[in-house]
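As given, the protein sequences belong to chains F and Z, one line each in that order. Going by our numbering, 88 is the number at position 88 of the first sequence; the sequence numbering is gapless. Going by our numbering, 19 is the number at position 19 of the second sequence; the sequence numbering is gapless.
Because the hints were derived from the structure by calculation, they are not lab data. Treat the hints with care, since some could be wrong.
Subject to a maximum C-alpha distance of 27 Å in a straight line, what follows is the list of computed DSS-like cross-link-like pairs (lysine-lysine) [what the hints assert, rightly or not]:
#1 F:K57 <-> F:K70
#2 Z:K106 <-> F:K57
#3 Z:K2 <-> F:K9
#4 F:K70 <-> Z:K106
#5 Z:K79 <-> F:K83
#6 Z:K45 <-> Z:K2
Residues on chain Z that point at chain F, a partial pick, calculated with CB under 8 Å [stated by the list, open to error]:
#7 E43
#8 S49
#9 F101
#10 G102
Fair warning: this is a prediction, and the values are worked out from it, not measured in the lab. Note that the Cβ used here is the ideal one computed from N, Cα and C, for glycine as well.
Below are the chains, spelled out letter by letter.
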Amino acid sequence: DGGITQSPKYLFRKEGQNVTLSCEQNLNHDAMYWYRQDPGQGLRLIYYSQIVNDFQKGDIAEGYSVSREKKESFPLTVTSAQKNPTAFYLCASSLGTGMANEQFFGPGTRLTVL
Amino acid sequence: RKEVEQDPGPFNVPEGATVAFNCTYSNSASQSFFWYRQDCRKEPKLLMSVYSSGNEDGRFTAQLNRASQYISLLIRDSKLSDSATYLCVVTLSGGYQKVTFGTGTKLQVIP
Chain F
1 DGGITQSPKY
11 LFRKEGQNVT
21 LSCEQNLNHD
31 AMYWYRQDPG
41 QGLRLIYYSQ
51 IVNDFQKGDI
61 AEGYSVSREK
71 KESFPLTVTS
81 AQKNPTAFYL
91 CASSLGTGMA
101 NEQFFGPGTR
111 LTVL
Chain Z
1 RKEVEQDPGP
11 FNVPEGATVA
21 FNCTYSNSAS
31 QSFFWYRQDC
41 RKEPKLLMSV
51 YSSGNEDGRF
61 TAQLNRASQY
71 ISLLIRDSKL
81 SDSATYLCVV
91 TLSGGYQKVT
101 FGTGTKLQVI
111 P
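Looking at chain F on its own, in the form it has when it is part of the complex (with noise of 0.2 Å):
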């Protein structure tokens, strides 16, 4: 089956360290997203990646950090820099950023900082 997997699915961290959330997707896809969600907002763009060994910051990149060495995967960092860092993270991938490319979202990691 194709798809976008993220783990873990519950994420529970001490202040002041840092996590690595995975996503990895199977279906071919050049892009790929990390978006928050927090209660009451829209998702916020936090990284993207159009193609593998490249990627910009979205809206809130500040306290996070990805990497793409690979096609299949766009792991994500919150380091002990991110002032609010509880939220629920989806990872996104899409064929290209052109126009009318749907995303597709992996079920999602909720994060919370104890």
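Model the placement of chain Z on the given structure of chain F, informed by the hints.
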């Protein structure tokens, strides 16, 4: 003004009713539009794209009004399973298609 605005609801409707949501966007250069559905604590899933001429998929109809800068979603014969949050998505063209998600409209279909 927000780039994409939706009435958060909730819209509480009885089974079998027809319900419509609107979503307004601020940038007249916006070129692609989508409706996503998001169930509680789940990821968004594409419901339908919105074409200039309007499009229908079963009980769902999407319309685009460029003059007034809004898109709409009409659901006929509401089912309990339609209960969810409906997200409006607007994209701008460019080297990277800037994608903006609305905050969603919550629908609750009541037996």
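Hint check results:
no. : hint             : verdict
1   : F:K57 <-> F:K70  : 18 Å, holds
2   : Z:K106 <-> F:K57 : 30 Å, violated
3   : Z:K2 <-> F:K9    : 31 Å, violated
4   : F:K70 <-> Z:K106 : 37 Å, violated
5   : Z:K79 <-> F:K83  : 41 Å, violated
6   : Z:K45 <-> Z:K2   : 23 Å, holds
7   : E43              : 4 Å, holds
8   : S49              : 7 Å, holds
9   : F101             : 4 Å, holds
10  : G102             : 6 Å, holds
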